Amino acid sequence: MLRSCKTWVYSLLIILVASPLLAPTPVPPVEQERDRKMSFMLRTLTRKREVDNIIRDTLDQVLVLRFGRESDPVCLQLDDILSKSSQELSKFATIALVDVEAEEIQVYVKYFDITMIPSTVFFFNAHHMKMDSGTADHTKWLGSFHTKQDFIDVVETIFRGAMKGKLIVSCPLPPQKIPRFQLLFKDL
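Be aware that the sequence shown starts at 187, since it is given in this note's numbering, and climbs by one per residue.
Don't read these hints as lab results, they were simulated from the structure.
Quick caveat, the model's predicted, so the values are computed rather than measured.
The beta carbon of each residue, even a glycine, is placed where N, CA and C say it ideally should be.
Be aware that one or more of the hints could be misleading.
Claimed, not checked - Keeping only pairs whose Cα atoms sit at most 27 angstroms apart, straight-line, the calculated DSS-like set for lysine-lysine is: (1) K326 - K350; (2) K277 - K363; (3) K277 - K350; (4) K334 - K350; (5) K350 - K316; (6) K316 - K334.
As the list claims (entries may be wrong) - Here are the simulated distance ranges between beta carbons: (7) D243 - K352: 19 to 25 angstroms; (8) E289 - Q362: 35 to 41 angstroms; (9) Q273 - L353: 34 to 40 angstroms; (10) P361 - D238: 34 to 40 angstroms.
The whole structure should be built from the sequences, with the hints applied where relevant.
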């Protein structure tokens with residue numbers, strides 16, 4: 187009895203493995219490309235109207251806009267951090283990616299002076315939130331965050347400050363975790 191049961195299970199496994207209906211379907215190249223990038227989990231904005239709408243319509247939550255390119259390695263690192271923390275921050279933050287190579291987005295690239303990528307800009311109830319991190323530029327975060335917890339701490343600080351009516355908050359991160367860049371200003 188036991189021997190016939192083992193034989194039956196073994197033959198069933200052979201049928202299941204050899205069945206063409208159960209064979210994995212090949213993934214199209216477009217999906218393979220998307221799976222290589224972490225940004226497929228987050229909404230990507232490529233039009234000015236989309237950026238306008240998300241800024242205007244996000245109420246009582248911090249809006250995090252990452253300006254960058256999907257092909258840049260530092261952007262991919264930041265996208266990984268953003269996508270991993272999006273679930274934890276979903277109650278008080280909305281995260282979206284903005285493609286700086288899109289033609290219609292150039293208005294915002296010039297307005298926010300996006301000269302380095304990735305640059306992360308924060309909003310709360312359509313107000314541009316600023317953060318004093320000890321750098322010359324308080325309007326945006328330049329570069330990537332070191333860890334997921336660093337990003338969560340920054341968003342929580344911005345949310346708490348915004349709920350108190352502040353438009354600028356102090357960075358909660360220690361100075362060694364803040365990226366430093368030498369900003370050069372031309373024609374001043």
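Hint numbers the structure violates, sorted upward?
9
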